[in-house]
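Produce the complete structure using the sequences and hints provided.
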Amino acid sequence: MGASGAKYGINTSHFYWIGAIPAMIFVGIFMMPFYYGSKARSVPEYLRLRFDEKTRAVNAFTFAFMTVLSSGISMYAMALLIQTLGLFRGIIPDNYIFHVSVFVSAIIVLGYIFLGGLTSAIYNEVLQFFLIVAGFVPLVWIGLRNVGGWQGIKQTLPTTMTHSWRGMAHASTNTLGVEWVGLAMGLGFVLSFGYWCTDFLVIQRAMAADSETSARRVPLIAAIPKMFFPFLVILPGLIAVSVTSHIAPNPAAVVASTSASVPLVDEHPHGIIPLKTNPLNGQPVLDSNGQPVYNYDLAIPVMLLRFFPTGILGLGLTALLASFMSGMAGNVTAFNTVWTYDIYQAYINKRATDAHYLWMGRVATIGGIALSIAAAYAATNFNNIMDALQLVFSFVNAPLFATFLLGMFWKRTTGHGAFTGLVSGTFAALLHHGLTIPADLAPGIHGGWISIIHRYPSEMAQNFWTAIFAFSVNFIVTIAVSLVTKPREESELVGLVYSLTPKPVENHLEWYQKPTTLAAAVFAMLIILNLVFA
Amino acid sequence: MGLDIRIPLGLIFLIIGGIMSVYGVVTRHSAIYEKSLDVNLNLVWGALMLLFGAVMFFVGRRQKWQDDPVTPRPWERSGGTPRH
Chain Y
1 MGASGAKYGI NTSHFYWIGA IPAMIFVGIF MMPFYYGSKA RSVPEYLRLR FDEKTRAVNA
61 FTFAFMTVLS SGISMYAMAL LIQTLGLFRG IIPDNYIFHV SVFVSAIIVL GYIFLGGLTS
121 AIYNEVLQFF LIVAGFVPLV WIGLRNVGGW QGIKQTLPTT MTHSWRGMAH ASTNTLGVEW
181 VGLAMGLGFV LSFGYWCTDF LVIQRAMAAD SETSARRVPL IAAIPKMFFP FLVILPGLIA
241 VSVTSHIAPN PAAVVASTSA SVPLVDEHPH GIIPLKTNPL NGQPVLDSNG QPVYNYDLAI
301 PVMLLRFFPT GILGLGLTAL LASFMSGMAG NVTAFNTVWT YDIYQAYINK RATDAHYLWM
361 GRVATIGGIA LSIAAAYAAT NFNNIMDALQ LVFSFVNAPL FATFLLGMFW KRTTGHGAFT
421 GLVSGTFAAL LHHGLTIPAD LAPGIHGGWI SIIHRYPSEM AQNFWTAIFA FSVNFIVTIA
481 VSLVTKPREE SELVGLVYSL TPKPVENHLE WYQKPTTLAA AVFAMLIILN LVFA
Chain P
1 MGLDIRIPLG LIFLIIGGIM SVYGVVTRHS AIYEKSLDVN LNLVWGALML LFGAVMFFVG
61 RRQKWQDDPV TPRPWERSGG TPRH
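Here the protein sequences come in this chain order: Y and P.
This note's numbering puts the first residue of the first sequence at 1, with every later residue one more than the last.
This note's numbering puts the first residue of the second sequence at 1, with every later residue one more than the last.
Rather than coming from a laboratory, the hints here were simulated on the basis of the structure.
A virtual CB, placed ideally from N, CA and C, is assigned to each residue, including glycine.
There could be a bad hint or two in this list.
Stated by the list, open to error - The following label-pair restraints were derived from C-beta to C-beta distances: (1) G86/Y - G18/P: 27 to 35 Å; (2) I32/P - V363/Y: 30 to 38 Å; (3) R362/Y - G18/P: 30 to 38 Å; (4) P158/Y - I15/P: 42 to 50 Å; (5) L11/P - F88/Y: 24 to 32 Å; (6) L115/Y - V26/P: 33 to 41 Å; (7) L11/P - P487/Y: 52 to 60 Å.
Said to hold, decoys possible - A few chain P residues that don't get close to chain Y, going by computed Cβ distances all over 12 Å: (8) A54; (9) F58; (10) V59; (11) R61; (12) R62.
Put into structure tokens, the structure is as follows:
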């Protein structure tokens with residue numbers, strides 16, 4: 001995200017503010033009682049209780065596949081970063097550094113999940129979170145001092161990078177290349193609700209809580225740091241592009257024989273961001289117009305190396321690595337739960353002892369990590385495959401929220417309806433992607449592989465609209481099919497559907513302890529933040 | 001789940017903050033701080049981390065959560081007796 005901060009500016013905060021907070025409030029207030037109260041142990045299991053076996057199977061298999069791949073991609077990104085920065089140069093030979101990074105990180109994650117399971121994964125995530133904050137706060141502080149505070153950044157950078165809503169009326173006048181409808185509906189509604197309300201990785205933490213009230217508070221409390229996290233990760237990116245090369249000597253020599261001192265270009269400032277180089281021949285990569293391409297992924301590492309002296313530099317780099325590691329562990333624990341409960345117990349071995357399933361969970365941990373390593377190596381060999389997989393994720397995830405929304409709030413929704421809707425939503429996403437293309441890109445992996453009927457101003461706009469189409473198609477098809485199929489008995493749906501479930505009793509709580517109060521406070525803070533940076 | 005998260009959190013900050021503060025004191029007026037605009041980041045930030053770690057650690061110890069029986073999970077509670 002530091003990379004996006006450098007590239008798109010403060011607009012990146014939309015991914016946190018409208019792209020997460022409203023969905024987190026919604027899941028805490030409305031959806032958590034069903035997840036927690038239905039006694040399901042995982043999100044696919046909820047789908048089985050509410051709909052039927054086939055809807056669960058689709059969700060369980062795609063989810064298991066996605067978690068393994070995403071933990072593999074975190075692993076790959078971390079190993080690549082360690083290699084690029086040359087962190088262990090002189091200790092481990094350059095040729096082996098990538099392999100050592102992948103395997104050492106895998107063994108560490110395996111070790112603590114194997115010993116402590118979900119509990120230790122959650123403990124580690126908390127520690128990693130605090131380390132990330134401890135490492136990045138001083139970076140923001142020193143960085144802001146260097147560029148003259150927020151006012152200094154505002155003077156250096158174009159206004160579209162320092163105001164999150166300016167220019168949102170039209171795609172060509174803001175850095176994301178998206179107009180506000182696509183942003184609000186695609187990112188703010190479909191994609192963010194699809195992730196925060198249905199992804200088991202997120203829900204699992206709340207399901208581990210000891211009471212329904214605590215479970216509902218989990219996403220609400222988590223929303224508060226989430227709101228301020230942009231300042232930690234986006235600001236370093238913004239500072240990196242604001243810093244001009246004459247202020248301090250260049251200590252980033254380790255990274256960058258490439259960070260040449262180029263004057264600040266008004267349109268696309270790059271500050272101290274190094275050029276992207278081709279790993280094979282060390283030549284700078286040029287885009288189709290012959291302009292050099294900047295490697296925005298290195299924004300935060302370059303900042304650390306520039307501003308941190310020996311000592312705290314270690315803390316900063318630890319924070320950076322912690323941010324990759326935490327993603328891995330969460331994915332692996334979610335994978336082993338879904339594999340054991342929703343695939344192994346449901347389809348492979350239905351009648352085994354608890355001890356056997358516990359053993360299977362451990363094996364699944366090892367298997368999940370082994371598959372992550374395989375995914376990390378696959379990512380090194382085929383760059384395009386990674387893009388393609390991320391596309392598959394978006395096709396599968398985008399329609400999912402419609403299924404949950406209808407399932408939880410409309411008791412008439414049937415299993416056949418949910419299944420057909422989910423599948424046709426995915427196909428709608430595929431079709432939409434095949435028929436449209438972002439401007440200035442050739443047909444192929446980026447879209448337009450059927451024929452081109454519409455051009456989007458940017459890849460992000462295309463993604464958001466793909467999600468909107470997938471969601472709408474799923475929504476309509478689910479309703480249509482549900483109306484012609486036979487609904488389930490209402491008595492079977494108690495605890496699973498909003499209108500048939502008793503409202504949570506909160507009489508014993510003071511007004512300030514209620515989840516709704518917390519939600520209102522979070523929402524008010526969100527609006528204030530958006531107004532301040534509008 | 002008996003371990004209070006504040007104890008490991010406090011310890012990790014005490015250790016890292018301690019190392020950074022000591023290193024910061026040893027390297028006062030050193031040229032390495034030109035990078036960070038002449039702010040002795042190791043000392044300043046190390047001391048803050050030390051303080052945060054100490055507060056977490058001692059608050060966590062004082063509450064003695066680790067000695068309490070683990071709060072029963074909903075499925076472990078017998079017969080729906082309220083636990084407060």
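Hint check against the structure, violated hint numbers in rising order: Number 2 - this is the single hint that the structure violates.
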